[in-house]
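Turn these sequences into a full structure, and let the hints steer you where they fit.
Protein chains in written order, with this note's numbering: chain A, 1 to 333; chain B, 1 to 260.
Computed spacing ranges between beta-carbons, pair by pair:
1) B:213 / A:131: 26 to 34 Å
2) B:109 / A:225: 48 to 56 Å
3) A:155 / B:161: 36 to 44 Å
4) A:91 / B:50: 48 to 56 Å
5) B:144 / A:75: 15 to 23 Å
6) B:193 / A:301: 48 to 56 Å
7) B:161 / A:181: 28 to 36 Å
Calculated from the structure, these hints are not laboratory results. Built from N, CA and C at the ideal position, the CB exists for glycine as well.
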Amino acid sequence: MTGIEKGVFVYTEVTDGAVNEVTLELLGKARELAGTLGVGVTAVLAGDGSFQPWRQLYAHGAEHIILVRNPALARYLTLPCVRALREAVVRFNPEIFLFGATPVGRDLAPRLSARLRTGLTADCTGLDIEEGTGHLLMTRPAFGGNLMATILCAEHRPQMATVRPGVMRKCVTEVSDEPEVVVIDAEIPEADMRVEILDTVINPPVRRNIREASVLVSGGRGMGEAGNFAQLERIADLLGGTTASSRAAVDAGWQPKDRQVGQTGQTVRPDVYIACGISGAIQHLAGMEESGYIIAVNKDESAPIFGIADLGIVGDAASVLPALETLLRAETA
Amino acid sequence: MKIVVCIKQVPDTTEIRLDPVNGTLIRDGVPSVMNPDDKAGLEQALRLKESAGAKVTVLSMGPPQAEVMMREALAMGADRAVLLSSRAFAGSDTLATSSALAAAIRKLEYDLIITGRQAIDGDTAQVGPQIAEHLDIPNISYAEQVTPEKGGLRVKRSFEDRYQIQRVRFPCLITALSDLARPRYMTPGGIFDAFRVRVVERWTDADIEADPTQLGLDGSPTRVKKSFPKSVKPAGVVTHAEGRAAAELIVGKLKERFIL
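Here you go:
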């Protein structure tokens with residue numbers, strides 16, 4: 001087993017007593033990177049110590065665990081968490097430190113990188129090790145997804161990156177024992193408690209998270225009005241999937257923000273993505289082009305969505321969708 | 001209350017097109033705009049000015065052409081505009097950018113700093129929290145709603161599936177979501193004054209007393225190694241079909257993929 005020093009660190013993000021999916025995805029990638037470098041993978045958790053998902057983290061690729069512990073770390077607050085992670089970094093000098101590009105990771109990682117005075121690359125879609133130098137090659141979309149850029153942080157350590165949820169693939173192995181856990185008891189000074197949480201409100205549960213569905217039936221401006229999404233929902237139900245939408249449909253108020261696929265929404269890679277009345281702006285394509293199979297229905301033959309569709313149907317969604325629903329009902333009856 | 005709002009001039013990325021032949025970015029004719037999250041942050045600052053009384057300074061790091069955006073901010077109601085412009089800032093990554101902006105902010109008085117959550121050309125969301133780190137003040141990212149309180153703010157902080165009500169005392173920094181406040185239009189009188197009467201102050205690296213090793217390329221730990229157009233996957237089958245014929249094509253493919 002490889003050591004904890006100079007390895008690959010993954011920040012363990014926890015919500016409501018569960019490890020976030022993106023953390024598990026990052027562990028899968030970290031294992032690959034660490035394998036190339038010949039170093040170890042460490043999951044770093046900042047908390048009060050009551051939550052101990054060690055076996056789960058181990059099964060997903062963490063050979064080592066660092067728990068930075070203090071009662072003030074029970075809930076995520078920027079300053080205490082930055083201090084906690086800095087403790088872990090200065091003690092074990094990781095080569096690489098990965099974070100989910102979540103509303104927490106995108107708050108925490110920038111501040112930590114500034115404190116460590118090292119580089120941070122946001123929203124990476126590809127991570128590799130450069131041959132010869134061993135540097136981390138961090139690839140991310142730029143200019144609203146119009147271009148890809150590969151970023152290097154050659155002279156500073158750790159090399160820090162955030163990765164959007166749904167981009168990397170989890171890798172689970174059977175484990176029968178528990179990993180070694182290093183506990184660091186952090187001191188959190190009063191000065192770090194300058195932000196106070198008065199209340200936490202969970203938004204009413206909408207539908208299933210679009211990143212978890214294996215089939216997404218997605219609608220855009222070409223759906224014409226909010227009411228037409230009910231048909232997409234029925235079709236999605238018949239296929240065991242859920243609905244998604246383009247930014248245009250969210251901006252029009254037809255669909256809630258949590259349905260939005262794309263650069264300013266979420267990245268999805270379902271087995272099948274059915275795009276209905278979506279022209280396929282580059283920002284939308286950036287969020288779904290990795291889908292297993294893409295079906296597009298659009299009236300406009302020149303719509304860019306047809307450029308990446310495996311099956312493109314030039315036709316009116318208002319005519320195709322009712323027929324599709326009828327046929328699916330017959331097939332699944 | 002003294003508020004500094006950091007704003008950035010960005011290409012309107014929704015207008016950027018790729019050259020279909022060689023896959024390069026067509027930048028010609030792409031309009032420049034005030035970054036949307038920053039503009040919402042400026043609007044929020046102007047509302048605080050109206051409801052609680054404040055002096056609003058806009059600060060930007062960018063080329064001389066960004067002056068147009070600074071005048072737009074003045075026309076919306078900002079009291080002072082400072083544009084940081086120097087060759088010394090060329091090649092800055094987010095860390096070097098935040099170092100320069102933080103050094104400039106130290107020269108200004110502030111209780112509250114507002115930045116946009118992220119810029120549409122970079123999408124990093126890093127500069128705001130990094131400025132707060134350099135100034136050693138607390139930050140609240142992803143602000144969706146802001147209410148002034150005695151000596152501080154109450155902020156609705158957005159997360160993926162929830163929000164928190166957080167309280168912070170001045171001095172502090174918040175990063176604004178574009179939902180924070182819908183920006184107002186410039187008034188005709190405001191435009192006239194902003195372009196004919198008001199001054200955009202030009203500062204260089206010499207004005208901000210920053211450590212030169214933390215600016216520009218020297219102060220940037222990250223480098224762009226290469227940039228390239230996205231690989232385009234081969235197009236599939238495109239057919240004209242309506243109604244049942246189209247539905248049968250789709251169902252056929254779903255069966256092939258074992259979805260049905």
